[in-house]
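Asks: Same order as they appear, the protein sequences are chains A and B. Under my numbering, the first residue of the first sequence is numbered -7, with each subsequent residue one higher. Under my numbering, the first residue of the second sequence is numbered 65, with each subsequent residue one higher.
Just so you know, these hints were derived from the structure itself, not from any lab. No experiment lies behind these values; they were computed from the predicted model shown. Note that beta-carbon positions come from the ideal geometry of N, C-alpha and C, so glycine has one too. Be careful, since some hints might not be right.
Not close to chain B: a few residues of chain A, all C-beta gaps over 10 Å, as computed [claimed, not checked]:
id: 1; residue: P206
id: 2; residue: L306
id: 3; residue: I351
id: 4; residue: E392
id: 5; residue: S552
Among the chain B residues that face chain A by a calculated CB cut under 7 Å, a handful are [stated by the list, open to error]:
id: 6; residue: L88
id: 7; residue: V212
id: 8; residue: R283
id: 9; residue: A284
id: 10; residue: G286
id: 11; residue: L287
id: 12; residue: R290
id: 13; residue: H296
id: 14; residue: A315
id: 15; residue: F359
id: 16; residue: R376
Distance condition first, Cα-Cα at most 20 Å in a straight line; then the derived SDA-like pairs of lysine to any residue [to be verified]:
id: 17; chain 1: A; residue 1: K399; chain 2: B; residue 2: V292
id: 18; chain 1: A; residue 1: K399; chain 2: B; residue 2: G141
id: 19; chain 1: A; residue 1: K399; chain 2: B; residue 2: P288
id: 20; chain 1: A; residue 1: K399; chain 2: B; residue 2: R291
id: 21; chain 1: A; residue 1: K399; chain 2: A; residue 2: A388
id: 22; chain 1: A; residue 1: K399; chain 2: A; residue 2: A411
id: 23; chain 1: A; residue 1: K399; chain 2: B; residue 2: R283
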Amino acid sequence: MRRFPWLAATVVGALALLALVAPVLPLPDPVHMDIAARMAAPSTPHPLGRDEYGRDVLSRLIWGGRTSLAVAFASAALACVAGTLLGVVGGFMRGVTELLAVRSMDVVLCFPPLLLALLVVTLLGPGAGTLIPVLAVLFLPGFTRVAYAGVLSARSLDYVEAVRALGAGPWRIMLRTILPAIGGPVLVQFSLAAAAGVLLESGLSFLGLGVVPPTPSWGLMIGAARATMNQDPALLLWPCLALTLTILAMNALCDGLRDAFDPHPAPPRLRRRLAPPTAPAAPLPTQRGLALAALTVEITTPTGALRPVRDVSLHVEPGETLAMVGESGSGKSLTGLAVMGLLPPVARVANGAIDLDGIDLARLDEAALRRRRGAEMAMVFQDPGSSLNPVHRVGAQITEAIRAHQKLSGHAARDQALALLRRIGIPDPARRLNAFPHELSGGMRQRVMIAMAIANSPHLLIADEPTTALDVTLQAQVLELLADLRRERRLALLFITHSLPVVAEIADRVAVMYAGEIVEQGTIAEVFARPLHPYTTALLASVPAEDGPPPLPIPGTVPSPHALPPGCAFAPRCPRAVARCDAGPPPLVRVSEGRLTRCIRWAEP
Amino acid sequence: MLWLLRRLGVSILLVWIVATVVFLAIHLVPGDPAELLLSQGGVAPDPAAVAELRTQLGLDRPILVQYVASMNGLLHGDLGQSLEDQSPVAATVMQRLPRTLELIAASAIFAVLIGLPAGTLAAVRRGGAFDRIASWLAGLALAVPVFVTGTLIVLVFAQALGWLPAGGYVPFAQAPGRHLLLLSMPAFTIGIGLAAVVLRITRAAVLDVMMRDHVRTARAKGLPPRRVLLRHVVRNALSPVVTVLGLQLGALLGGTVLVEYVFNWPGLSSLLVEAVNARDYTEVEGIVLVISVLFVTLNLLIDLIYAALDPRVRHG
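Construct all of the structure, not just a fragment, from the sequences and the given hints.
Replies: What follows is the structure, encoded as C-alpha cells:
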C-alpha cells in the first residue's frame, strides 16, 4: 500500500468536524432574517456580511456545509451498507440470488443519474428526506459492483478456499475473510459517492429541487445570489468557493485512496536517456555483419544502477547464424534490443560498441538509428499475437514497413507485400493482406512478422525466441524459413533462444549467456561435443533426449542483477565450484580461435 | 451481423424495462397523481374533483389496462397529453430535444479537441511540466460544479465585462452568428469538465498502449515517431476514450439541466425542470422516457463505434 493521502484526508476531516460542531459554535442563527440589514457589508459580528434577507453569510456557509455533508454522507452510508450487502450476497450465493442482487442494478444504470433524481423528486417532492434515499439508490450499483467483483476474486483465493475446507460456514467466511478483502475498494467507492453526493445535492438545491428553503445549502445560496450578483458578487463567490474547495478536497481524497489501495504499483517515472555512451569503443576492424564489443547495458532503478548485460562481445557474419542461448533473465533479449536501439527508456548502453557494417550504432542519434531500423537491421519478436497491431490490417502493417524506407506508391508497396507473403509461404496471400491479425493462426502471424522484417532486405536479422509461442510442427517450418532466407539473402542472423535443440537445428555458432555475460562461445559441433563451461554442460544435461539419460534440471535459479555473486555468477549452482571461483569475476578465456569460456577451471579434469 | 442483432435486441429490451419502470414509478408510488395535482398549498382537494380528474386521466381503469394503453401509445410515438395545457407531449419534446442534442454535441467536440491532444501530450511527457500542469488543471476542472462555472462565466463575462450575453436562445435560421455565440457559452461550460475526463482517460490509455509489444514492432520498422504515436498508440487508445466519453455523454442527457437553467437555454432538460415544478406527470414521464431511449441508443452507438475501432470485438 502506498502513501495515504493525509493532506486531503485532513481537509475533509476538518470540514466534517466544522459541520458537526456547527450547532455549538458561537454563530448567529443561520435562518434568522433581518430585512432592515439586507446585503449589509461585513462587520465584526458578521465577518462575511449579510444576504438578501439580512441573514449572516458565514453562519449560512457553515450550516450549508453541514447540510451538504449530512446529505452526502447519509446517502453514501446507506448505499454502502445496502450495496455491499447485495454484492456480497450476490457474489457468494450465485444463482438466482446473484441475478436479483447484481443484475437488477443494471436497471438503475439505464437512467442518467440526474434524471432519475428528478423523476423521484417529482413523485415525492423536494427536501432532504427525499434526497437521501434518491442519492442512495443512485450510488447503490457502484457499491454492489465493487463488492460483487471483490467477492468473486476473493472466493478463489487460497486462504478462502482453506477456510472453506476447514468447514467454516458461509456467514463466517463472509465476515472473517471476504469483508476485510473488499474493504479498500468499498472505502474508495464510499469517498466517490460522498463527493458525488455533495455535487448532486448542491446542483438539485440550486434548481430549487433539493433542500427546501430556508434550510441553508450552498446550492440554494448560489441560486439566490445569482439574482443579486450585480449588487454583491461576494454573496455568489463565497458559496462557490466553499463548494469547489470541498469537492476538490474530496476528489483528492478519492484519488489518493484509490492509489493507496491499488494492488498494481505505479510504474517508475521514466526519463529518456539520450546521452551517448561515454566509454571509449574498442577499435573494430571495418567489416560486414554485426560485431558487439564489450557491450554493457545499464538500467536505472530507484535503488541504483543495474547491469543486466555486461561485457558482451560477439560477431555475426553475413550468411551466418549465431545463436544466443540462456535461461530467461540472462540478458539475451536486452542485447537484441540494444542492437536495434529499442531499449526501454530506463535502460541505456553504458559501455561498448555495436558495429553494423562498420558503423557504431551505439554512437548514433535516434534519427539515424530510425533510418537503419527496419532497413539495415530488423527484428522478429517472440509473441506474434501481441507484436502485430490488432486494429490494422496485415497488409497495411507490411506496406507501412516498406514505405518507411522506400519511396513507393501505395500500389507498388502492396504488390511488394503480396510478393513477400508469397515468398514466406502464406496461402492465398491476396486475401490475407486484408485480414486482421486475430484472423490468422499463430504460425501465420509469425510469418507475417518475418515478412515485415525482411521487407527492406536487411543485412542483419535478430530473431528473439521466434518459435517459442508456436507448436512443434510450426516451429520446424518457421526455422526452415529463417534458414532459407538467411542462405538466399546472405543475412547475418542473430537467433535468441532458450532451447538447445533449436540451436542445434539452426545455428552455425553459439554464444551461451548466463546472468548477463557470455560464458562460452564456439561452433555448434565444438560446444555440443565438448562444453568448456559447467553451465553449458548443465544446460545440455537438462535437455530430454530420446535414447539418452533422463534430463537433469539445473538446481537453483539465475541470480538477479540486484544480487550478483562476488565471483563467478554460476558458482552458487555449479557442481565444480571451488573457493577460488568466489574470489573475483572470472575473465573470458580464449581457448582457441573463436572458442571462449569464462570458467577458470576449464582445463582441469 | 449476429452480434449486431443481439446487441439491438438487448437495447429494445432495455427501453421496454425503462418504460415499465417509469410507468410503475408514477402509478404505484403512494400518493395519487390526481390528488397531488389538485392539492395546492396543503389544502385537501375536493374528493369529487379528484374522482373527476381520475376518470379524465384514465386513472380509474385497472392498472394493467393503463399499462397496455400506455405501451401501445409508446409504440405509436404517442407520449400522452400534458396535464397542464393538454398539448401533446411528443410534439413539445421534439421541439426541445434538438437544442439539447446540439448542446451535448458541441460540448463533446470541445472536450475531444482539448482533451485528446492534451492527454496524449501529457502521456508522452509524463512526469514533465506539461503533464503536471495538465493533471492539476484537470483536477480543478473536475472539482468545479458546472452550475458554478456557468454562473461565474455569466458574472465575469456578461455582468462585469459585458463582453458576452448572459444567455438565451435564438434559432440558427434567424441569426446564425448569435445562435453559435449563445451555444458556445453553455457548451464551453460543460466542455471544460468533459475535457478533463477525456484528458485523464487519454493519458492513461496512451500510457498503457505505449508499453505494448506492437508499438515496439512499429518502432522496429523504423517508422517516424509521429506515425508510431498517431497510428499505433493513439489509434489503439481510442477505444477506452470513446467508451468513457459515451458514458459521460449519456449522463449529460439529463445532466444539461443545470447548464440550460444557468444560461436560459430552452432545451429538453429545462422543459423537464418546468414539468417537475408543475407536477405535470405525463410530461415528466414522456421526457424521462425519451431521454432514456436516447441513452440506450447512445450506448448502442458507442458499442458500434467501439466495434469499428477494434476489429476483434466484431468477432467476439
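Asks: Does the interface hint hold: is B:R376 within less than 7 Å of chain A, judged Cβ to Cβ?
Replies: holds (5 Å)
Asks: Can the hint on B:L88 be confirmed by a CB-to-CB distance to chain A that is less than 7 Å?
Replies: violated (11 Å)
Asks: Within a Cα-Cα threshold of 20 Å, do A:K399 and B:R283 meet the stated pairing?
Replies: holds (19 Å)
Asks: Is the claim that A:S552 lies outside the interface with chain B correct, judged by CB distances over 10 Å?
Replies: Given that every Cβ of chain B is farther than 10 Å from that of A:S552, nearest at about 22 Å, it holds.
Asks: Holds or violated: B:A284 as interface residue toward chain A, Cβ cutoff 7 Å?
Replies: Since chain A brings a Cβ to about 5 Å from B:A284, closer than 7 Å, the hint holds.
Asks: A:K399 and B:G141: Cα distance at most 20 Å?
Replies: violated (59 Å)
Asks: Between the alpha carbons of A:K399 and B:R291, is the straight-line distance 20 Å or under?
Replies: The given pair, whose Cα atoms are some 16 Å apart, holds under the 20 Å limit.
Asks: Answer holds if the nearest beta-carbon of chain A is closer than 7 Å to that of B:F359; otherwise answer violated.
Replies: holds (6 Å)
Asks: Holds or violated: is the Cβ of B:R283 closer than 7 Å to a Cβ in chain A?
Replies: Hint holds; B:R283 Cβ to chain A Cβ min 6 Å, cut 7 Å.
Asks: Mind checking the CB of B:V212 against every CB in chain A and telling me if the closest is under 7 Å?
Replies: holds (5 Å)
Asks: Does the claim that A:L306 lies off the interface hold, with its Cβ farther than 10 Å from every Cβ of chain B?
Replies: Since the minimum Cβ distance to chain B is about 21 Å, A:L306 lies beyond 10 Å and the statement holds.
Asks: Given a cut of 7 Å on the nearest C-beta pair, is the interface hint for B:R290 held or broken against chain A?
Replies: Check failed: Cβ of B:R290 comes no nearer than 11 Å to chain A, outside 7 Å.
In summary, the numbered hints that this structure violates are 4, 6, 12 and 18.
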